[in-house]
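Which chain is which? The protein sequence lines are C and U, in order.
Read in order, the letters of the first sequence are residues 1 to 530 in my numbering.
Read in order, the letters of the second sequence are residues 1 to 453 in my numbering.
Keep in mind the hints are simulated off the structure, nothing from the lab.
It is possible that part of the hints are untrue.
[Stated by the list, open to error] DSBU-like, lysine-lysine: derived pairs with alpha carbons at most 35 Å apart:
id, chain 1, residue 1, chain 2, residue 2
1, U, K407, C, K353
2, U, K407, U, K353
3, U, K317, C, K266
4, U, K206, C, K112
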Amino acid sequence: MHLLGLFATILCSAEIGGASPAGACTPPPARIWKLTPGQYDRSVLAVFDKATPLQRRLEDLLPALDERKFRNEADHRDLPLAYVWQLVAHAEQTAAAFMEEPGRLPACVTAKTLASRACLSTALQPLIERAYRRPPTSAELRSMVEYARRRARIHGNRRAFASTLTRLLTSPSFLFRSEIGAAARSETFALDAYERASALSYFLLDGPPDEELRAAAAAGQLDDAAGIEVQAQRLLDDPAAALGLLRFFGEYTQTYAVSSLSKDGKLFPMFDAALAADMEKEVTTFVAHVLKEGGGRLETLLSADYSVISPRLAALYEVPGQFEGWTKVTLPADQRAGLFTQAAFLAAQALSKFGHPVLRGKFIRERFLCGDVPLPKMDVEPLPEPSPKTATSTMRERLEDHTNDVGCRSCHMFMDPLGLPLERYDAIGRYRTHEGKHIIDPSGALHGDGEPVLFKDAVEMARGLAVLPETRACFVTSLFSYTYGRAPAADDACELARLTRSFEGSGGKISELIVEMVTSPSFLYRRRGP
Amino acid sequence: MRLIGRRNFIQGFGLGAGTGLLTPFARSVVAEARGLDTQKARWILVHCYNGFGHGEKIPLVERWVPSNRDLTARGALPPSLEPLAPWASKMLILDYLSNPFNPGQHGTGWASLSVRGTRPPVKPPVQQTEIVYPRPTGITVDVLAGETLSAGRPFRSINVATDGGAKSCDASKNSVSYLRNSLQAYQQIFGSFEPMMSAGTPNDIKARLRLKRSMFDSVIKDDLGRMRARLAGREKEKLDQLEGSIRALELQLGTLADGPACTLPGQPTSGYDAGPANGAMPAEFLPAMVDMQLTALICGLTNVVVLSPTPLRRTWKDIPGVNHDQDKHNTSHADDTGALVKIDQYVASLIAKMLGALQKVPEGNGTMADRTLATWIDDGGGRHHVPRMNHDNHPVILVGSMNGHFKTGRHVRWQRGEHAISDAYVSILQSLGIAADTFGDPSVFKGPLPGLT
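Produce the complete structure using the sequences and hints provided.
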């Protein structure tokens, strides 16, 4: 479906009312949601009050980059043996480290006599509460205490207590976030206060609720939208610490794994781990700056004439002057505008030797405009690499030859004109005007149902895309997908349309969109699943 | 160290009771626990690329082809295969097999292991090396084999690579990850056992096994049960898989403790990562990775290992016996036959090492090597590397008779176009005890290779 058609469908569907308790839209189904490896790591740290260091990070076991748009899908049901294997090993190592920490164990665990129920209960209760992100039920606490005592009779207090901690970190109540309410029987129901706290926290912080959020849940302060908004505003007040939000932007722009990229050492000798790390950090620093001090608008993210850069990036961008540390600078107005022209974005959408206009254009079309580009024909030849043999032509010309077929062109017209303006940036994001001896023509176009919108270069393209309603609507859809850990379903059209209208009304203010999302019935209510 | 009988250990878990309530995955674990079909074959698949040379001098076909159809004849094996000379009587060298699916550059990625057409990448490659891997359209042969041979074991297969390229996928066309970091590989393969197996007397270890078993039991009966009671439909399936995986872990605790030869290798001291970067491949990297794969085979953690030992970018400068300051890609383009032969010899020595180690482990009336097949292929490198080649003369090396299933010690050549590499895969799968009668693109497959058994 073409972009404009997609949004027409969504807006029409917005008129259909839902049956949720507090609004017109139907809430999503109840579910449990597996922690991502990064969330798991941060949750383990929280169980032990961040005092027990992680022996290793589960997140390190993830592939550096994968093809999923967002890596937190709730419907990922796979808990394969190899992954559970890692979870158990991780839990054992963490428990062992905790047992060795001076002063952390209660006296009854270090004593030679069998630990009492009361002592174990006192020791385990806060650990379970932090692990489950809610107070344990009496049955849950009793089960853990009795487990520890029974094993202690055979294995001794210490070994039994370590095993209890391993069990805690292997428990599904730790490994999964729940969105199943408090034993409600109605068709739609509210998440309980602790589930709301977790939903908010894992979305914005990519980790478990902090102490203040847990206290707010316990005090009933999350029982209405106003209370949720207070907490959301608090967490958004420091965007640099909002890891969940920054992760969204990293995955949305696919700029989170620049360090794993390989670039041709002969062509790009300056591309090393330090520069790659700076490229990644530029995106998060820039996003945090725009959210905190730059008005917080999507338009600014996509077209700002400034960034926050390091000395290495200043050299890459050829910004004159002396820099110490990270500095906000105005970039050359004819070369840079927002995220599309940042080095991380350009390097990620490139191969090791050259920037790939088809990849770049396709990514922009799909990711920022929510366009659906059909798959190419089977076994199509790769785009010819720049080489002495191709020095007589530009990439634009080679691409035209490559797609010189009506069947190819009908799809490439939606991608290539968005990637070709970025031909003025090489595979690591350096600005250039020539390809060999040839001047690079950076013009481009956005093709839709009507007349194409023409751009003279990447800066004009970025500014044009930044103010398109389709870009804003697509951003809402992407943030929705990340927030809910799934692609929108038919039932979500109502909520998406509402959020899109609200985002338009705010002039594209991202923090307002987030508050609108987390205070909506769709975020706070669920319906019984199939 | 023999700690506890595997059968007794499993019976101690009570897995025999109530199996009707288990998910299909958990049921397969229980079947394994009862000792059904535990004598499954093992498969070592070694898969290289960029290997044919550029076609000007001596391509792979020549480097791998013997001088005599009888491989046991004196001097029959070419220099590339010399390290496998002790196995000549157990070898089969097949050639002139075709694989028409070679659209990519450098390596054909999925195509060589799936024998199917591919689709171009729709996103930037996962690891942005120069290899632009097309997307698969069907399951690869290693995954298919692993699903049967490793059923109920922790790892369907243990795949090791020396770069970031993806080569295997499952039936859902999901990429299968390859281990390429030595420290992470150790932690992934042995992390759950290492704390339990590394210290103490046999009685201590037995006690730790019992304690862990009871911990798993409590998670399943108590914690999982409580949450499951509050869920419906598809959400319950998420817990089913967690339960199945925990049950399989229980099983493997017993497996690991079962044999005298099952000793964990030492943990690598550094986490060398063979990711997409330049530089020399350290000499100790591949031997350490192969040791881990071997231990996993011997300990029953998997029955399939895949090794992709020829990195795109790393040089062979520090590899004993090779000492070549180029990567295989450039070596292949340069038609440097001398260096390519040395690289072949190094890979052959790794295969010989694995088979030699398995030969020392008793199993049944023979050794583990009797029920192990090693297969070595090189997909050639697509049109980028062999533009003048039609990919109709791929050689395949098999080592291992599979208890006499194959008539070995021979070089077998077919007519060009007579048989495809998928025909060889089906013959291999059948020798491994897998009921396969076709594989890959049906328009290419012509039937199992005749005359091998």
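These are the hints, each one checked on the structure:
1. U:K407 with C:K353: Outside the cut-off at roughly 49 Å; violated.
2. U:K407 with U:K353: Roughly 23 Å separates the two Cα atoms, so the pair holds.
3. U:K317 with C:K266: Given that 35 Å is the threshold and the Cα spacing comes to 19 Å, the pair holds.
4. U:K206 with C:K112: Holds. K206 of chain U to K112 of chain C sits at ~22 Å (cutoff 35 Å).
In summary, the structure is inconsistent with hint 1 from the numbered list given earlier, while agreeing with all the others.
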